[in-house]
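So the protein lines, in turn, are chains A and B.
UniProt numbering numbers the first residue of the first sequence as 1 and each following residue consecutively.
UniProt numbering numbers the first residue of the second sequence as 1 and each following residue consecutively.
Since the hints were made in silico from the structure, they are not lab data.
Do not rely on the hints blindly, as some may be mistaken.
As the list claims (entries may be wrong) - Here are the in silico distance ranges between beta carbons for each label pair:
| hint | chain 1 | residue 1 | chain 2 | residue 2 | range |
| --- | --- | --- | --- | --- | --- |
| 1 | A | Pro91 | B | Tyr433 | 17 to 27 angstroms |
| 2 | A | Arg123 | B | Asp386 | 55 to 65 angstroms |
| 3 | A | Arg71 | B | Gly407 | 46 to 56 angstroms |
| 4 | B | Tyr433 | A | Glu203 | 48 to 58 angstroms |
| 5 | A | Ser156 | B | Phe558 | 24 to 34 angstroms |
No experiment lies behind these values; they were computed from the predicted model shown.
Ideal Cβ positions, reconstructed from N, Cα and C, are used throughout, including at glycine.
What follows is the residue order along each chain.
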Amino acid sequence: MALLEIRGLTKDFGGVRAVDGLDLDAAEGEIVSVIGPNGAGKTTLFNLVTGMTRPDRGEIVFDGHGIVGLRPSQIIELGIARTFQNVRLFPEMSVRENVMVARHCRTRSGMLKAVLRPPSFRREEAETREAAERALAFFGARLVGWRFDTPARSLSYANRRRLEIARALASGPKLLLLDEPTAGMNPHETGELIGLIRRIRDEIDVTIVLIEHDMRLVKGVSERVVVLDYGQMIAEGRYDEVASNERVIEAYLGRKASPA
Amino acid sequence: MTTVVEAPAAAVGSRVVMIGLVGGAVAVFVSANGMVEAFSERELLDGLTLGAVLLLSIPLLVGYVAGRRQPELEGFATRPPGWRNPATGLLAGFISGVTIGAFVLLIATVDLRGVLLNVTPELVRDDPRILTFGLEPGAGAGLLVGLFAVLGGLAGAIQVLPDLWRRAVLAAVGWVLAFGLMQAVVSQVLRGLQQQLRIWTEPLADFLYDTSGALSIAGITVVAVLGFCLQLLGSRKPRALVNARLERLTDRSRRIVRVAVLAAALLLLGLLPQVLGSFLSEVLNIAGIFLLMALGLNIVVGFAGLLDLGYVAFFAVGAYTTALLTSPQSSLGVGWIFWLAVPFVVLAAAVAGLLVGTPVLRMRGDYLAIVTLGFGEIARLLFLSDWLKPTFGGAQGIIQVGDITVGPVGVRTPQAFFYVIFVFVLLAAYATYALQDSRIGRAWMAMREDESVAEAMGVDIVTAKLSAFIVGAVLAGFGGALFATKIGSVFPHSFNVIVSITVLVVIIVGGMASVPGVVLGTMVLVGLPELLREFEEYRFLIYGALLIFMMLRRPEGFIPSKRRAEELHEEEIAQDEWLKTQDTGSRPEPGSRPEPGSRPEPS
């Protein structure tokens, strides 16, 4: 059984059908790329899976649980974490705190403990801190040390993207949804990210679904590519299979002018 | 060789004229709204009334601002300070002077009282001719123009001084004004010190102030010299030395230093009410109650980002709960002691927090503000209503609220009450710090920054919002409980929207999410007006002016929370520096700052 199973997922925004009867699976340990032209419904798909928008019809089963109708905070607790297309950090909080927030669903102390500070609270706090620093250390020296205490807004663009991935990783996910992780990165940084995404899968055993426009990354990391257009899946398979698919070329470039 | 790029003469000129006119308008405004006249009752500095000082401070400010040096820009040489600074100051002062002079001539010839009620004949026409310092209107207008121009030029001349000396001069002026305004406090403290500690301080008060309470010439000199010297001594260098010394200490001894400083501060605060006497302690108590509320609202607005304009509702709930349970006259008539009522105050406030919080869970920003504003009014109207009169007493309120007792002793004097409030404030401040650095505190801050992302990252928005409302409500409830027992009675009209607004302004001006900022904000905005009774009538005018100034110039507040104030570029250097220490193997513990001295200059 696949880790994520989507059946007949449909979402309308007013008169626009953003996602149209979509069926999609992601097996455990897989890296799947979702591509498609602008407005194909890729980000809406992520929003539906993470519970940030509610589908009109359809089923989403994750790890044996139906997750349609759950709140986003419950879904991340089950193990689906995501990043955002337009980086959405907590800008005034420090780098470390940004990541510590993601441990919220794995920790329990309430207000009373925070004020009384019993040993169990301190232990949990130390663990949270450690987990956050571990997640940040995944990116080498860029986000550690002095950086821990700097506000997130002071980071460079590429570092913000990295911090967002670290934040998602810190929640201890089984499935990681990356929404255009290389947008705004230079070719060198993109190359680095390809290696990193593989490492995330291999070393921490996380299934990855990513949305991407940079075909170098799609080619470099994905074992399977899914192409969406107008909310429907129009092709699926290995990168080279999909790249030569006529419907995909048509979706990106338009239909050939018919000889009149 | 860099070229001196000068602003075109016309632009400089129009800026100076603008500043001069603004200054003139302010001078006319404070004269016409009666501030100068109201303040001329009190002599502030030897021979000068508060009103005169207010009027004459305008050309000083105008000249100082107009004579300001051009900002330093990288790549451009700044024009060295010179005759231009006093000249522009003089010009701006002159323009202000002409404006107020024209106003003097106008009110001397035309009776404006039909329109401007506060333009009394005493300003110019009849004795004591406040605006013209006793002169005929014509001569007086001339004098004002001259005085304004000279003072403007003097203030502009301050800008010629090197930074260090300029700051010292400003400090001297600031100290003289502060000592003059705070005459009551300073002499009370000096007298109190003599009574309590038998130190020879009382004659000092007689030396500084003459019989009318104005700062004497000798006093002005001493205070100015003191301010000047302290500013010179207290400038950056020695402070940096102390900090560097502290950095070198081990963790253990740094903790000892911190505890020692804290203990000394607590001891001083413990002595404070005895030295201050009952009136000043009373002022501190009022400020303390507001501080308690401000700390609570700081959690709701500063941490969780929920703009609550009906905060006074929780204050009222705390006050009425205490009154109901401790007053033998109330509808319950149980007449418990204060401490027995406290758990019920917590309970009632928490329930009130839930009642307000639950319906507004899905609201954000402006909508939340409007709805909570409504809730605040609803609470006041409920306490006032005929419907609940049998319980809450309607407009008559509840009287004979019980005193606080410690063992068999009743807390009756303001001095004793100070300690009780102090304990509550200390607990609230501790709770604020503890919550800030915890799972729930991080959840609040994440929610403040971006609610939907916080939820996607696992923060349960419902719990986080409700808990912020409850903590805020409980702190306000404590404030209400103390208020009720301090006053001895509760009336619905004490709980109007102005209280909510005041507490919010305290937080905004002091610094959102910053405990020291909130403390300073309360002292300045709640404590000072109690001391400076002359300003009472103009309190909200000054609040408004202060708010506008803060929003334009310092939107993060007087003492912003640390992370808001941090600079950007400094950290890029610091990260490289940290990496370098990693390479050389001298590994500081993660998160520790590099030594300030070792930071390289940016090339």
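**Message:** Within 55 to 65 angstroms: is that where the Cβ-Cβ distance between A:Arg123 and B:Asp386 falls?
**Reply:** holds, 56 angstroms
**Request:** Given the hint of 46 to 56 angstroms, check if A:Arg71 and B:Gly407 actually sit that far apart at their C-beta atoms.
**Result:** Since the Cβ atoms of A:Arg71 and B:Gly407 sit about 51 angstroms apart, the hinted range of 46 to 56 angstroms holds.
**Prompt:** So does B:Tyr433 sit 48 to 58 angstroms from A:Glu203, Cβ to Cβ?
**Reply:** violated, 38 angstroms
**Message:** Verify the CB-CB distance for A:Ser156 and B:Phe558 against the hinted window 24 to 34 angstroms.
**Reply:** holds, 31 angstroms
**Message:** Within 17 to 27 angstroms: is that where the Cβ-Cβ distance between A:Pro91 and B:Tyr433 falls?
**Reply:** This hint holds: roughly 22 angstroms between Cβ atoms.
When the structure is compared with the earlier hints, a violation turns up for hint 4 alone.
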